[in-house]
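Asks: Start from the sequences and build out the full structure, keeping to the hints where you can.
Okay, here's what each chain looks like letter by letter:
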Amino acid sequence: MNGANEYDLLHWIPALPLAAAVIHGLCLGLWRQPLPRIATIALSCGATGLAFVLSFFALLALTELPAGSRVLQEGLFTWIGAGPFSAEVAFLLDPLSAVMILIVSGVGFLIHVYSIGYMDADAREDKGFQRFFAYLNLFTFSMLVLVLADNLLLMFLGWEGVGLCSYLLIGFWYSDEWNAYCGSKAFIVNRIGDFGFLVGMFLLFWALQDVGSGSVAFLELQTAFPLIADQMVQLPGWLGGAQWKLATLIGLCFFLGAAGKSAQLPLYVWLPDAMAGPTPVSALIHAATMVTAGVYLICRMSFLYAAAPGASAVIAWVGALTALFAAVVAIAQTDIKKVLAYSTVSQLGYMFLAAGCGAYGAAIWHLTTHAWFKALLFLAAGSVILAVHHEQDIDKMGGLHRFLVWTRLTFLAGVLAIAGAPYFSGFFSKDEILLSVHLADHVPGHAALYWIALFTAGLTAFYMFRLYFRIFFGESRMTRDQQGSIQESPRTVTIPLIVLAILAVAGGVVFGPSEAFIPIEDANSFGNFVAPVLATVHHEVERSLEWQLAAVATLVAFLGAALAYGLYVVRPAYPAKIRRLLGGVFRLVEGRFWIDELYDRILVQPLVKLSDRVLYRGLDARLLDDMVIGGTARGIRAAAADMLKFAQSGLVQGYLFLMLVGTLAIIGYLAF
Amino acid sequence: MTELPDLLTYVILLPLATGLMLFAIDGVAHSAGGSLPPQIWRGLGLGASLATLVLTAMLWIGYDPTRIEMQFVAHAAWVPALGINWYVGLDGISLLLICLTAFLVPIVLVASWNDVGRSLRGYVFFMLFLETGMLGTFASLNLLQFYVFWELMLVPMVFLIGVWGGPRRVYAAVKFFLFTMVGSLLMLVALVAVAWLHAEQFGVWNFDLVAVPGSQVPALLDTFVPVAGAPWWQTQSWLFAAFALAFAIKIPLVPLHTWLPDAHTEAPTAGSVLLAGVLLKMGGYGFLRFAFPLFPVATVEFVPLFFGLALVGILYGALVAMVQTDIKRLVAYSSVAHLGFVTLGMFALNVEGLEGSVLQMVNHGITTGALFLLVGMLYERRHTREISEFGGIAKPMPVFAAIFGVVVMASIGLPLLNGFVGEFLILLGTFRVNAWVGAAATLGVVLAAVYMLWMYRRVVFGPVENPENRGLIDLGGREKAVLVALLIPIFWIGIHPETFLKRLHPSVRETLRVMEVRTVLTDPPALAEPDDVVRR
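If you read the sequences in order, they're chains Y and D.
For the first sequence, the residue numbers in our numbering are 1 to 672.
For the second sequence, the residue numbers in our numbering are 1 to 536.
None of these hints come from the bench; they were simulated from the model.
Beta carbons are placed, not taken as given, at the ideal position from N, Cα and C, and that holds for glycine.
Incorrect hints may have been included.
[To be verified] Label-pair distances were calculated between CB atoms; the ranges are: (1) W492/D <-> G630/Y: 39 to 45 Å; (2) I61/D <-> Q222/Y: 40 to 46 Å; (3) V233/Y <-> G477/D: 56 to 62 Å; (4) T325/D <-> H442/Y: 51 to 57 Å.
Replies: Here it is as structure tokens:
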């Protein structure tokens, strides 16, 4: 801790939501005295709103510093210290974490407000209302700690905390077996990722300690890292025995953690199921904030990945394949939230693709715009779900544009943003990613990556417009009764939608357009702001190239949208025909390639069977306990009964007597 | 702070003395034709354990975390000719475990306030007896005195399981007794052998582990224990093996663990809590206090074996826990996994590993103790522990579900709760020795989430399908108080472990230093002339 730039308001940003969560928790958990509704709202929304205000002040304080040295810190106390190891509870605000806390507290606040209206209409059991806000506050706290943490260990605290809240909120309606199952699944799959995070962390600490650096703070890690950047490790024979770069190994471990949290192949399976949670949760945790923690981790560790080209290439390829895979699956889903979930997986793939190509700034920028438009899409979807009384199947909607004016307009804004319509927010971030992939000649197969990303952009436009048209256009596929009771959601729901829609439409132009498209000095204020803390790979870019790539991407997106218009508005009979034509292929996609079933068959079931039949029943109960231990006891008892007639009364005395005699004999021998 | 010289002795003896006194009064009352009412037994039993807790708190306050030598030392000759003494003292390691013991006993007494119907007097007496046994074991600095306490502790535990236990209580009690006896008798032989060596080298019998402060009398740690070239029973490897067997059974390490699920499942709730909370720690403590410093060369030789066994314990315990259908048995197997972590950290033989290991012993005592109490509360209501009998408990018992959730998360090792700190330090220490072992052990962290959450989900979530679960009553005031008392250290250790680690730093360093010094010891000291030996 250099102490030069202390900022002692920092800890209040996570502390406020924590305090609210603790108060809620004590009221509910111990005293069973729920707060009145209005107090719950004031406490929860107030805490998160104040955290946003403080975040904004922190940002202002940060921008007053010169561009190269924008760091604010605050240390509280030593958390864990033993031997040379020491981890502090300390916070670090630099441009990267500043962006993140603004997203978390800002989007978080809007979703808190939205939740008031949503949970009022949706609280299926008493006291669910305050419990929901308690979890939301706990989540906000954890996420803020995650992004503000000054060291890896504290970041892991937040990392696990958001996982816990995700678990609690997916299973929020716990009386439903399925929800509880999905919650556990999310936690356990994330734990597999955490295994990577932990091992990576241990390897990094171990390597740095060997070269005499005991600190685990990011800034010190970054300074000390060059000492071990070129270290090699010898893998053991059964792993091929090759020499690996230590940085690559550590990088891959951390990426496993990131892939778990951010739902990348092959660990994405929990995210679609996470849609079992209430819709505001899907928007906040499973779209805008928590699932992007993996991207944040990679960017935070960009100094490491810059020295680990192997790991970066893996990230780029996994990201691209995830983006494509999820986009393909999204086409065939009919559950409105499932489509959005796969779309989130796909967009996260884009971010990893960018990070893997060394364009960390582009990854964070897409993370930001995605937080706006995906939160918007989820919240708008929630508004639709409320209006149609918890129907989520788009096959049973249609023609809703007449009833839900605000919802439809804001949803359209989100669709245009994610599809990359020119000058919408997603346009700038997606083009930046496509551009950096196009230029990333240091990544093996970057040309293929570019084409995958471009094709996925087309798919994205197609499935998003399909969703839009299926919900809002065409003939209504509902009963007359249902149609009669449809009405627009309350204002606590629509106002957050409108705010997010404004960001999704105009946020890109205002904060971070490429200077090729808005030709003024420092137009890309976002990119210039975060650039100093990221180890971005730089390329010289011709403006004309940027224009060409943008034109191609826009054309592809337009084709996707036009195809969706043609199939679902102009010729609504065609999709069914195509479905029949494709037959098995379609069922494969609709069934999500049966990956869940595959995991269950080849991983879960065998492990349970092994544990139950072989380890427990076979080894533990039968072999060890019954045969070895029981056999010894029986043998001794039999021998005692045969040879020593006094042992009639059974096991204990005979056995004890034998031991006593033996002990005395040995002591006698020792003492002569 | 000035030390009260006999405070530690009072702490150790107070519970047993109260128990004996109660029996004496009861006897007098009996001969007069009456008897002490159960309320008096209960009240005074709890009073004695609370008084012990208060005295222990004074130890905690008076303990100076900056000093490395033993504190609160009391030394009195017992059998002077053989060097058997009443010799007690504390360092950070024993301080933590003594506090854990003194903390858990009143908790289990309150928790079992109503559920001991028959022979309450015996129950209270054995609990107090057990407390003295446990405290004495952790405070003993004389090897034979340690052995006496170690065996003494066995008696009340066997009775607690055998009299107040479940349907197969006698089988479980005998099994527990025999397993422990086999190990501890070998340990007795080995410790006599060490004293024999000491007597040969210094001409006088002495079972004191370390010299009394200010005295020049050589103690066991001054003894040279040969590595090779001596009769086999004098070598470090064999002596270490004999100690290690006793400790490994107690920990317990796979494959010596099969007494544990039975003992845990059959024991009454209070017995399970103390068994898991305190008795399982004796093994680890024995390694740290006696086996490591006395036989450092052998310790290092045995590291691969114990790494292997600990690793097997972590993974095997977790996998077997996963498929249990009885909640208590599941928790018992989870203990095997957790104690595997404790063993792993210990044998990493570095500061991080050792501190993590001791802290994890405390953590496991609190967390698993709380789990057993929670299971006991369910059992009291439903008289079953089968997971399939439950489901949807969160609906009728929300407070129970909330506290259960926190404890489950502590057991899984969620940061901000106690389990994480211990596991993290253990893994950190292990990685420094062998990254592959460390990585494999980290898998245990994943598996812990699997078996714990799976159980939690099946018990607490889902619809209430079994009609018997519909009318369950949520926790009462006494039950809440007990659990909240346990939640406090769960959060405290998780948020600010330095309170505890601070007291461990010097003691752990000292343990490692003594091991180092004794490792380079290659020759027996010149045999002292009988005149030079100061006789006490």
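Asks: Hint by hint, note whether the structure agrees.
Replies: Hints, one by one, checked against the model:
A hinted range of 39 to 45 Å holds for the C-beta pair W492/D and G630/Y, which are about 43 Å apart. Range check, I61/D to Q222/Y: Cβ separation about 43 Å, and the 40 to 46 Å hint holds. The hinted range of 56 to 62 Å is satisfied by V233/Y and G477/D, whose Cβ atoms lie roughly 57 Å apart. Here the CB-CB span from T325/D to H442/Y is close to 55 Å, well matched to the stated 51 to 57 Å.
In the structure shown, no violation is registered for any of the earlier numbered hints.
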